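Once you have looked at the hints, place chain B on chain A.
Single-letter residue listing:
Number of protein chains: 2
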Amino acid sequence: MSIQCPPGMRDFYPEDMRVQNWLFDHWRSVSRAFGFSEYEGPIFEFLELYELKSGAGIVSELFSFTDRGERRFAIRPEMTPTLARMVAARANALPRPIKWFSIPRMCRAEKPQRGRLREFFQWNVDTLGSEDPLADAEVVAVAVEFLRRVGLSEQDVAVRLNHRGLMKHALEALGVPVGQQGKAFELIDRSEKIGDDAFCQHWRQHFPDSDAERVADVLRRASLDECLRLAGAGGDDLAQPTRQFREMWERLRSFACEAYCVFDPRIVRGLAYYTGAVFEVHARRVQLRALLGGGRYDDLTGLLDGPRVPGVGFGMGDAPMLEALRELGKLPRLDEGIDAFVIDADAQRFDDVLGLVTRLRREGLVVDYSYKRQAIGKQLKQASARAARYAVIVGHEWPQAEQVALKDMTTGQQRVAAAAELAACMRR
Amino acid sequence: MSIQCPPGMRDFYPEDMRVQNWLFDHWRSVSRAFGFSEYEGPIFEFLELYELKSGAGIVSELFSFTDRGERRFAIRPEMTPTLARMVAARANALPRPIKWFSIPRMCRAEKPQRGRLREFFQWNVDTLGSEDPLADAEVVAVAVEFLRRVGLSEQDVAVRLNHRGLMKHALEALGVPVGQQGKAFELIDRSEKIGDDAFCQHWRQHFPDSDAERVADVLRRASLDECLRLAGAGGDDLAQPTRQFREMWERLRSFACEAYCVFDPRIVRGLAYYTGAVFEVHARRVQLRALLGGGRYDDLTGLLDGPRVPGVGFGMGDAPMLEALRELGKLPRLDEGIDAFVIDADAQRFDDVLGLVTRLRREGLVVDYSYKRQAIGKQLKQASARAARYAVIVGHEWPQAEQVALKDMTTGQQRVAAAAELAACMRR
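For the protein sequence lines, the chains are A and B, in the order given.
If you read the first sequence in my numbering, its first letter stands for residue 7, the second for the next number, and so on.
If you read the second sequence in my numbering, its first letter stands for residue 7, the second for the next number, and so on.
In short, the hints are calculated from the structure, not lab data.
Fair warning: there could be bad hints in the mix.
Same chains, same label: a pair holds when it works inside one copy or across any pair of copies.
[To be verified] Heads up, simulated EDC-like pairs for lysine to aspartate or glutamate below, C-alpha to C-alpha not over 16 Å straight-line:
(1) Lys117 <-> Glu76
(2) Lys378 <-> Asp358
(3) Lys117 <-> Asp73
(4) Lys189 <-> Glu178
Remember, it's a predicted structure, so these values are computed and weren't measured experimentally.
With the rest of the complex left out, here is chain A (with noise of 0.2 Å):
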């Protein structure tokens, strides 16, 4: 009987597992450099968790089951609840700032096509418990960071921000009712998808009295001074989100990450929780998902026990991002190279073989041999196909001295070398 990979779902050969650890590996290197410390927290968790931060209508969208005692749970399809969940119980002893990361692997239950996944991996990355815009341009920064660090520079892809508040007092300006702002953010968030003229329409539809032509030549041009314009006919409590955007980017400046930047009002980010500043990663040149999104939340904890805690954060999925890196040449080859490939010249010598793989090993060299013996030039091409960096040749001189000869395996060069130098030649 043939059974497939479930659709939608990803089986990671050594090849595909070597690109994940690749991307996982800059994902915590550049979380640690910034002094994020990684959590995580289990694959399903009580089904009311999500009802609770995204409604009923959540269910369809997830994958869900019962245990043995009726309790209903779902496989966690965003790592924000968690993260809410467990803040919430410790929020009083968390010294502030919380700066968590993490790399889960969550499910949602799409209609399996091309191109969507039912399961993938998520950088997520937070500040929590502090308010300053300082935390809103850090964690843009490790994001920044991770895009130099694997070769996107800012002619590749655009850190695209915006604020809510700032275009809550826009869109009034533009003639948007306070209470209507949820579905305007809903079409905004969509407008570059669907293209100005089925934007215009959807917009006069909810929007009648507002000039939908306007709205898109703002969407589409504003200069942040624009939107500040803009959104200043709507009241004096502009003070505080215009204070803390243009503070954001100061700090982004001291962060040198200025130049990934731009301002752009299409990014509103539809979810609700978001109520500051908002990003999107996109590259520049190809189109693509966004890359990244994130924002500032006012309470991350509302709808638990527990005290306020403000936030701000993102999430970075692994898929879109690697089908960035390969579509701008960026993924690098990625070889399971091994120190050294051991090789008897002669069977009686395999027991020495095995030894002196032991030792080598142990010294915390990545290194194998031959299950089969056979000639020198049939295990010479095993090291090869191996990508060895070196081949140990156990030969005759072994009972007496301990010799070996040492090929390098990219320059070809050999030469007799004492098994105790061994591990310390190929650490060179």
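Positioned in the frame of chain A, the structure of chain B alone reads:
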């Protein structure tokens, strides 16, 4: 509303995550040192995959669910079926031996109670496509090298080995017909747990023609030679298992891990698919569950399409191993230290602090700073709380010469250093 972590699941706060990462890093580096490549699969599979391997009875032990297309899936309770599926799909393309490892997360629908986890991680190491006892010895050597690296000596733990082929013959000689050995293996598997009296009672019920006391005595005391003598009565086809087992022991010696290994006729592994050598790792002085279980199987992909693939491998769960390390006092103290904490001597210098922080992070160091502008003393306390190796104080020397005060937080020594040399200083 307060929502908890689901029963039997775990939250990993940063201090827990450090322990997990410490364990996973060891699992990865040991596997790689031995030439094994990492793979992964999806978190859930078609339910049929598990039914095929274990029968329909397995369903109640799984978390299963259907998608909108009424397809049935289950969260993986073990990795072997996924491994079988992945190998079967490429059986002819993969070079032999296939040496693979994985650190999958998996779930079982255990009744929630103390010590019974519903979610755990399990290190899986398998060598496929070789029947050579060398492969059996090598996976045992991988396990032993891990034990050695985490500080567990042969006084702390033992690898208890046996061979199902030998046991079949020995049981026949002890009066258990060939067709009923599944039940016999199951009882032997539980013999230590239930004690001699209960074992003999059960044995008598199932095998009235077999001397229960004699069996119990053999299980408790037999050496390999005694078992071989017993098994010898079984017939001529004993030659192959005997040769295999003896050759494996010789290879364990070649891999220098013999000191950890003992023959133990009680180790039979209940699982039906093992056919050759079987082994478990147990703590010697503390009574804990097995820390590892594994063995040889004739045909991994037998139930799926594809050619016959023999193999040998083991699984080690994260929770029992961490429990053992804790019990034995071998779990190291893991601080999340940072390389440097950068301090402003004067709030006017804060922008310079952020610039220097950015520069050091780009050079690969782990660097943090205070979100609050406050006195040097308070910032130094924060540096200490973060277990920073160095405090870097940006003061009045900065504007002219880009010089800082560099304080070694271990020795307390402080000196003036140029910004350009900081990274090199700290790496030393």
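Structure-based check of all given hints:
Taking the closest pair of Cα atoms, Lys117 and Glu76 come within 16 Å of each other only across two copies (12 Å); inside a single copy the shortest separation is 27 Å, beyond that limit. With identical chains, the CA atoms of Lys378 and Asp358 are at most 16 Å apart within one copy only, with a shortest distance of 15 Å there and 62 Å across copies. Taking the shortest alpha-carbon separations for Lys117 and Asp73, only the inter-copy value of 9 Å comes in at or below 16 Å, while the best intra-copy value is 25 Å. In this assembly of identical chains, Lys189 and Glu178 lie within 16 Å of each other by CA distance solely inside one copy; the values are 13 Å within and 76 Å between copies.
Violation of the numbered hints given earlier is absent; every hint is satisfied by the structure.
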